[in-house]
Amino acid sequence: MEMMIIKAITNPIFWFALLAFGVVLLFVGKKMNILNNTAYAAMVSVVIVVAYFHIVDHYLMEMQGLDYWYLFRK
Amino acid sequence: MGRQNGKKIWSIMALCAMIGFLLLPVATSLNALASGGGEAPPAPAVKAEGEKKDEAKVEKGRDVYYKTEGIVSGAPAPKTVDGPRDYPRYNFESRVLLWFANQQHLYYGSFVLAVPIFCMIIEFMGVVTKDKAMAKKYDQLAYDFIKISLTAYSLTAILGGILIFTFLTLYPAFFGYLSSIFRPVMHIYALMFVAESGTLYIYYYGWDKMKEGFLKWIHLSMSVILNVIGTLLMMLANSWIGFMMSPAGVDEQGRFLGNIWHVIHTALWNPLNVHRILGNMAFGGGVVAAYAAYRFLSAKTDEERAHYDWMGYIAMALAVAFLIPLPFAGYWLMREVYAYRQQMGITLMGGLLAWLFIIQATMIGILFLSTNYYLWQALGRMRGAEKYQRYIKYLVFVLVCGFLIFITPHTMVMTPAELKAMGGQQHPVLGNYGVMSAKNGGINVIITTTVLSFIWYMRGNKEPMVPWKNFGNIFMGAFFGFAYVNIIWLAVYGYYIPANVRVGLSVPQVATTLSCLFFMTALNGFMLKGAKQMGPIEWGKISVRSQYAIIMLATAFTWMMGLMGYIRSSVRLFWHVNEIMRDNSPWAYTHTVGFAANMISFNVLFFWISILFVFWLGTLGAKKVPVNVKAHVPGRVPEPAHGH
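So the sequences go chain by chain: A and B. With the first letter of the first sequence counted as 1, position 14 gets the number 14 in this note's numbering; the numbers rise by one all the way through. With the first letter of the second sequence counted as 1, position 384 gets the number 458 in this note's numbering; the numbers rise by one all the way through.
Looking at chain B on its own, in the form it has when it is part of the complex:
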């Protein structure tokens, strides 16, 4: 009893320490924020003599974004020249080196920020599940997840160090300027990182010590704190890229005006935050699912296969849950980009970088096609799901139509002869699909179909038993049917109304898709209460192809993240900080699409080779434990293959 109490006290102390860690950066920043984050104002005693003279020296500047006046508190952005002082270099393109270091750090950073969020969700599911066997399995799964991320965490820190050294070595003038602007929060970032590391290690190593009762809740609270710190860290990092794209808090010369909140809270900061959180989650889920697929494919026993099939399914479901709202967050980001600088939006989607968006559309399409394919394959491990098999071909047709419209370019690169033969830059028929009105329709049809596949999967081996099941099925059919009609109608309607009205049609289209997602998933849940099970989910008895679909999904996520990062960064064109600090290095030009694609592919390949190494390291410490799989029992999931 006394020992138990001691444990409780230690746990509460650890939790308090973490909260202290969390509050520490805030406390240390209070002073900086109170003084506007800039340099300390001159002491009153100093200006006692000749006060008027001193005040005359105070220079004021106008914020380039907020249009407010502020006291100039920093040096102007340096005007760099191509030479060893501002751009020291090796015999290699510095931008490519920085690109590589940045991308690898981002991949690992995203992964280690996303996985603890999954752990939190799964651990919470384990705590609230009444079935003790299931609770144990969820707990084991959460532990497996955090174990994978721990090795990756060390690599993230190493890559972060490499990134800073790359900046300092190759872009000292730019890095010096950015550091001077963000100086009031630089130490907060560093302290947050320390807090994140401390919390993560206590969370991981305290797992076994705090596995029951009140202590488990303390442990779960630690995961919440861990994720709050992680998210704040990410938001701080986002403020730097937000500043580079849409600077605020500085005047036209780039001089800091004393308000650090303006520097952080730029026009694109919040859309970037939302987009990145969702993107990281989808990416993290994809990587964990790929890990499970890899273990499934290399499994020697049915028990192992069953466990990793289940793990892959959970990770995949989490990834898809965040993938579905991701395009909408992307639309919001683009909308804000257009609102901030219309030219920037045109460069992205209608100009220099437009072809990269066609590639992005292709990748998004691949993501959704892979997801649907996995779900259809997963129907195969359920008895009773055969009834849906004959309808899959119709879903394939709808998906392919949506996909083809979504990837149709507006104009083509052609030779003069081709141009003449076609009668213009736009194809007389297909050219009509190369506009946003059609593309919005295409992607919403794809997402709605994915929701439908998911609902079919949920009821694969179940037969609703509610008295109103016939009405429920018909209502659901009507809802999906008219949702498709509404999405397509809005897409077609867009061709007949002026552009300023048309632009708003994407919002009801998105709302239609989200209505299907939320209302129909909820209705399905109600209908499946007390449903009759047609047969068990036979974990592990899924086609090998499905696992390759998961690996495809994860690879497509990785590739798309690389692509989108490149697009976002390239849109600044020849600016380090948009319209404030010019990039005068020899590499201030936009690469060809081919070069960018090769570079992204190299980054993806490097990441996957290194993460496979991390996976392999994770298997070294694992001990085999006896497992007792009851894969044929309805609704049961197998025992985990490894112990702590």
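With the rest of the complex left out, here is chain A:
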């Protein structure tokens, strides 16, 4: 189970999926007029921002031929 979680979070597709989920939530919120609800806005923001920074970390390390998830894989 633990291995599966690690495998999932070290895969950039997981973070892209999370980012896409956040964007979908953003549009749903806009359509349902709940985007200005503080709790909903905070949730959507956190999902998008966390996914974004993980993608940045992952790809900018990969660009240099390095493994961002080194410690987790070990």
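Possibly wrong hints are sitting among the right ones.
Said to hold, decoys possible - Covered, in the sense of this in silico footprint (three residues per stretch, anywhere, with C-beta under 8 Å from a C-beta of chain B), are these stretches of chain A:
no., segment
1, 38-44
2, 47-55
3, 62-73
Think of the hints as simulated: they come from the structure by calculation, not from any bench. Heads up, the beta-carbon is just placed ideally off N, CA and C, and yes, glycines get one too.
Dock chain B against chain A, hints included.
Chain B alone, transformed into the frame defined by chain A:
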């Protein structure tokens, strides 16, 4: 009408002349470049007889950097000896004299290269602004800027002459060698200088004649050409220092191999170019801001104070815009230094010169602290900005934490007793902060906080009115919050992974900071579209302390430029040209940190005294014109205090 057409024709002719000026060095260099930039090859007729014998005489060498083969086209680097032939001297340390001449020339050179770029930006803002009153004010501001740089330009040329005479008098062998290597482009440099001078004078004196319509665009185009020439000049000068640090295009004996592009395009040339352009811009902005602060402090009327407050703010904003990417350009330069010669990088950041980097970190910290302090003070001239005042203490805390980590040294100079008491060279707790992983985190936290201060300043007196403002504010808060978390996480993560992986973490850290800068500034801009103004910006009603912060900022820039120049030059240790031409003068040793700091301080003091003289000269020709300041009108900026 006819007169107008005549003006147009003359303007177009002037522009064409400038383009001609710009292309002239290129045209004259074509011949030299085509022949590889070296001496002309022997004519075919000459080698008709005994061709094989001649070919046997052609000696080939291997490029020390590019590893390509080339025909030896120059003499080897001279092996100098300490004596009046190679190192003639006065009863004074020649290196210090050269240091002084070089530094002063560089200060003024940086200033006169940076200010026309500001002029171009501000003049362009004036041309595209639809509000005619604002357009006029921007135009006046651009004119004020170029006026300051004009007197400085003459001084730059004089200092350039002094520098060449100093080289010729004190280091003739070295200067002769460097001139022989760069001979194919020496005349280009001289012609570029002529082109720069000609363009600058036409640009300045043509200001009033070309102030409207099509002619204004011609005038603006001239500023573009002026800056292209200026930047090319700087890049050519950079190629000399690049060659001295990381020579290319020569063989092991220092003999030119006929390819001038290899000599120019050394390993460190491009990082130096980028670092210097940004540094010059930040420095130029700082000096102009200090000029405005000086005028603000000496102003007798509210109108003058309002004008110079505005001028200082614009110059400061431009300086900070270039200051923010400057550390990243510095990292790139250091990375290339390590890639070129690892030992050189270690000498810089982990060896002989490491303590100077601690001083540099302190100066960088001071720059950002001054910038933030100015922005917080500037909130005071806006109604509605009070809401941010209570949060400033948290920013101070974050900044101070980042600053203290950034300046923590890895090891300390200690007596044996101190060493024993501490249990080693590293402090058991603070020593952990003396590594790059922590320092990268520290500086990125500082820069991100500066971006946050700037965003608060931008929305100081404004209330977003977009329907999604609540979401926008929360998203912005989350973005900044998680940016801090990511930066600190990457810094901590670096302690747990091997050095070869850790070294790459600085890139996502920088990307996080830049994401805040670009995305959050853009988001803020969208949110402020059609925003409600809580009150006007009351130009001139800013604390006097803020102006001292600007002067502090400019002085710190100047000091840091001197310091970094010294570090960059010292890293060659006992070489004139790294690993090619040895420095055999009695001064081929590295000065103590104390001596270097005193020398840098003297250079800074001299520069500021001389530039104050330039400022004073600039005020002599200014005529007072009636001003009509509406400082209390929301969004309005005051009329300039001086006419052309």
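**OP:** List in ascending order the numbers of the hints, as given earlier, that are violated by the structure.
**Re:** none
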